[in-house]
Amino acid sequence: MDIKPVLNVKKMSEMTYKVPLMADLAAEGKTPEVLFWVGCAGSFDDRYKKVTIAMVKILNKVGIDFAVLGTEESCTGDPAKRAGREDLFQMQAIGNIELLNAYNIKKIVTACPHCFNILKNEYKELGGDYDVIHHSTFLQQLIDAGKVKMTEGGEFKGKKITYHDSCYLGRANDIYEAPRKVLEQLDADLVEMKRCRTKGLCCGAGGAQMFKDAEKGKKEINVERIEDALETGANVVAAACPFCMTMMTDGVKSKEREHDVKVFDLAEIVADAEGLS
Amino acid sequence: MKFLPQVAFLIALGVTAYLIYRRVSRISANIKLGRSLDRTDNPSARWKTMLRIAFGQQKMFDKPLVGILHFLVYAGFVLINIEVLEIIIDGITGTHRIFAGLLGGFYTILISFFEFLAVGVLLACVIFLIRRHLLKVPRFSNPEMKGWPALDATVILVVEITLMAAILLMNAADTVLQAKGAAHYPQTGAFLFSQMFTPMLEGLSMNALVVIERVGWWFHILGIFAFAVYVTYSKHLHIALAFPNTYFSNLQPKGYMDNMESVTNEVQLALGLKEDDGNMPEIDRFGAKDINDLTWKNLMDAYSCTECGRCTSNCPANITGKKLSPRKVMMDTRDRMEEIGEYIAKGGELDKALTEGHGLYSDERISKEELMACTTCNACTDACPINIDPLSIILQMRRYIALEEADTPQSWNSMFTNIENNMAPWQFSPTDRFNWAENLND
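Here the protein sequences come in this chain order: A and B. First residue of the first sequence: 2, per my numbering; consecutive thereafter. First residue of the second sequence: 729, per my numbering; consecutive thereafter.
These are computed hints drawn from the structure, not numbers from a lab. Any given hint could be a false lead.
Stated by the list, open to error - Cross-link-like lysine to aspartate or glutamate pairs, in silico, EDC-like; alpha carbons within 20 angstroms at most:
id : chain 1 : residue 1 : chain 2 : residue 2
1  : A       : LYS62     : B       : GLU1166
2  : A       : LYS217    : B       : ASP1160
3  : A       : LYS217    : B       : ASP1091
4  : A       : LYS213    : B       : ASP1160
5  : B       : LYS1051   : A       : ASP175
6  : A       : LYS213    : B       : GLU994
7  : B       : LYS791    : A       : GLU193
8  : A       : LYS219    : B       : GLU1166
9  : A       : LYS125    : A       : ASP175
10 : A       : LYS195    : B       : GLU1097
11 : A       : LYS125    : B       : ASP766
12 : A       : LYS62     : B       : ASP1170
13 : B       : LYS1096   : A       : ASP175
14 : B       : LYS1002   : A       : GLU99
15 : A       : LYS19     : B       : ASP769
16 : B       : LYS787    : A       : ASP175
17 : A       : LYS51     : B       : GLU989
18 : A       : LYS219    : B       : ASP769
19 : A       : LYS125    : B       : ASP769
20 : A       : LYS213    : B       : GLU1097
21 : B       : LYS1051   : A       : ASP188
22 : A       : LYS125    : B       : ASP790
23 : A       : LYS148    : A       : GLU275
24 : B       : LYS1051   : A       : GLU216
25 : A       : LYS125    : B       : ASP1160
26 : B       : LYS1002   : A       : GLU275
27 : B       : LYS776    : A       : ASP175
28 : A       : LYS217    : B       : ASP986
29 : A       : LYS200    : B       : ASP790
30 : A       : LYS51     : B       : ASP1160
31 : A       : LYS19     : B       : ASP766
32 : A       : LYS217    : B       : GLU1092
33 : A       : LYS51     : B       : GLU1166
34 : A       : LYS217    : B       : GLU1097
Note that the structure is predicted; figures quoted are calculated from it, not measured.
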C-alpha cells in the first residue's frame, strides 16, 4: 500500500499543520499518545472532510501527540453489522484489530459516533481493547484542562445554536453533556429542541439506513427532525456525527432554509472559535 | 351446613391455584424454548436496576401525571393484598376480620388507609378508561391494538374498578351491621370512605345487610381469584414479570450489539487464523427466523409487555408512517410463542410446531419491510418502562435475512461489496483515503 508522506506546507497564519502517519512513527520506533480514527465519512465525504481538517487543526494547536492511519485505515464494519452481515463486520474488525495491536495503540479519538461505538463496545470481544473517546468528550476535556478557550470570537459568537443528539452517542453510550458543555463554552445562545437528550429523535441514518432508501411512509425522518430544529429558531444546528450532518443538511435543503440555517460539527465550531478556520 | 362456605372457599382457592400453576408452567416452558443467554452476572447492579425500574417505577415518571396515577394503582394493588390475606384466612377458618382482634384500633386505621388506596385505584382506572376511550391517546389506537388487545385493556380497568367498588360496599354494610349489633361482626368503627355509603344502607333489614356484606365479600375475593387467572393470559402479566424482566435487563451500553461466536469461528477459519480440528460447533441457524432462535430473555420480554406503546410512539420509523412498530414486534413474538406452546402441549414436536401457522418472520407476523425500517436508534428500549428490548429481536431477524436468506436490499448489497473491495461503504478507492490531508494547509 502506498503511504503518502507527512504534509508539511507553510500556512499564512504561521501555523503549519501536520498529520503524522502511524506507519512513519512506527518506523521511527515511536507510539503516539492518541490515534485519530478518521472514519470513512471523514476520509471521503466532501462535507465531513472539513470536520476532519478542523480536528487536525485543533490537535495541532493544543500540541497533542497524535497520528492517523491514512490509507491503512479501513471501515470498522458498523454498517455491515447493523444490516445483519456479522461475517463481513468480523472480517473488517479482525483486520483493523491486527493493525491497531501491531501499532500498540492504546487510545483512540474519533469524530464518528458509529466508529466510536463499535471500537469501544464491540472490538473488545474480538481482541481489540482500547480507550476510545468521541471527539465531543475529547473537546470537553481540552476545555476543562484550559487547553481550548474558544475566545477568538468567530462566526458563532452570539448565534442561536441547537444541538442534535446522535443516537450512537446519546442513548447508545450515555453521552449527552459533553457536546453541550463544548457549545456552552461559546458565547452563544444554546437552545434545546422539544425532543432532546434521551428523547432525542434519530436523524434517520442509523442502523445502515444511510445506505438505503427509507421504507414506504408518510414522511422522511430527517424532515421530521429538522422541523424540531427549525422550531427552536436557531440559525445553527450543531451535530456530532457525519450521518446526522448529512441528514440534517438535507433536511434544511428540503425546507429551503439553506440561506439562514447552517449545520456544523462541534469540531468546526471549536476550530472557528479558536481562530483556526 | 355450617362449614359449607369454608368448603366452597377452599374449592375456589384450590381451583385458582391449580389454574395459575398450569398456566405459569406453560409460560415458563415457552420462555425456555429460547436460546441460552447468561444474565446472572453483576447481581448488585441487577438488584439496583430492578428496585429502581420495577419497584420504584422510575421510567413511568417520564410522564409525571400518568406516573402518579400508575403508582397509585400499583401501590393500591400491592398493599390491598394485605387485606386479601385476611380474607383468605377468614375464608379458610370461618372467622370474620381476624386481624381486627389482633390489631385493635390500628385495624380501623389500616382498613381506612386501604380504602383510601381503593378510591385512588378506582379514580385512576376511571381516568385511564377516559384516556383510552374518550381522549384517544394515539398510541392506544395503532393497527396492532385492534380487537383483543384493546378489549384486554378495557376488561382489566373495568374489573379493577368493580373490585374496588366491592370493597367499599362490603365495608359499608359491615359497619352498619356492627352498629346494629349483629353477631360475628367485630367492632371496628367506621372506615374512611365507606362511611359515606352507610346512610344508604341503614334502613335495610339485618338479613339484607348480611346479604350485601357477604355478596361484596365473595364478589371481591372470587373476582380477585378470577382476575389472578385472567392476568396470566393477558398483557397485564407485567405486574409479575416486570420484576424478573428488569432484573435480567441488558447491562451493556445500549449501543452494544452482541458478537456472534459462531461467525467468529467461521471467519477465523476463512482467514486461516484457526484450523478445523473437527470440533467446530454445529450451527443451527445464523440469526433468528422463529421464536426458538431468539434468547429466553427476548421471550420473557414478550410476556412482560403490557402494550403501552411508548416504544412505538417514540420510534422514528413509526412516527414517520413506516410499518415498523416495536410494540407489534413484541406482540407478534408473544402470539407466536403461544401458538407453538399450544401445539407442543397437545403432544407435538417443536420442529413440527415451527412449520405450523405463520412463522415469526413472515408477512403475517414480523415482515421484512418492518425489519428493514429500523434505524437502531434505541428510542424504543429507552422508552420502555420495564426495559424491554425490541431492538434485540429486530437485529437478530436482520441477521437471518442477511446471513441465511441473503435477501437484503440491493443498495445494502452494494454497500457490502464496497466494504469488501474498497474498505469503505462507498465506492471510493482505498488509495484515496488520505487525500483529505492535501487541503489541510490551504
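Here is what the structure says about each hint:
no. : hint                 : result
1   : A:LYS62 / B:GLU1166  : 18 angstroms, holds
2   : A:LYS217 / B:ASP1160 : 36 angstroms, violated
3   : A:LYS217 / B:ASP1091 : 15 angstroms, holds
4   : A:LYS213 / B:ASP1160 : 24 angstroms, violated
5   : B:LYS1051 / A:ASP175 : 28 angstroms, violated
6   : A:LYS213 / B:GLU994  : 28 angstroms, violated
7   : B:LYS791 / A:GLU193  : 19 angstroms, holds
8   : A:LYS219 / B:GLU1166 : 43 angstroms, violated
9   : A:LYS125 / A:ASP175  : 19 angstroms, holds
10  : A:LYS195 / B:GLU1097 : 29 angstroms, violated
11  : A:LYS125 / B:ASP766  : 18 angstroms, holds
12  : A:LYS62 / B:ASP1170  : 16 angstroms, holds
13  : B:LYS1096 / A:ASP175 : 30 angstroms, violated
14  : B:LYS1002 / A:GLU99  : 15 angstroms, holds
15  : A:LYS19 / B:ASP769   : 46 angstroms, violated
16  : B:LYS787 / A:ASP175  : 16 angstroms, holds
17  : A:LYS51 / B:GLU989   : 38 angstroms, violated
18  : A:LYS219 / B:ASP769  : 44 angstroms, violated
19  : A:LYS125 / B:ASP769  : 18 angstroms, holds
20  : A:LYS213 / B:GLU1097 : 13 angstroms, holds
21  : B:LYS1051 / A:ASP188 : 44 angstroms, violated
22  : A:LYS125 / B:ASP790  : 34 angstroms, violated
23  : A:LYS148 / A:GLU275  : 10 angstroms, holds
24  : B:LYS1051 / A:GLU216 : 8 angstroms, holds
25  : A:LYS125 / B:ASP1160 : 29 angstroms, violated
26  : B:LYS1002 / A:GLU275 : 51 angstroms, violated
27  : B:LYS776 / A:ASP175  : 18 angstroms, holds
28  : A:LYS217 / B:ASP986  : 29 angstroms, violated
29  : A:LYS200 / B:ASP790  : 10 angstroms, holds
30  : A:LYS51 / B:ASP1160  : 16 angstroms, holds
31  : A:LYS19 / B:ASP766   : 48 angstroms, violated
32  : A:LYS217 / B:GLU1092 : 18 angstroms, holds
33  : A:LYS51 / B:GLU1166  : 12 angstroms, holds
34  : A:LYS217 / B:GLU1097 : 9 angstroms, holds
Checked against the numbered hints above, the structure violates hints 2, 4, 5, 6, 8, 10, 13, 15, 17, 18, 21, 22, 25, 26, 28 and 31; every other hint is satisfied.
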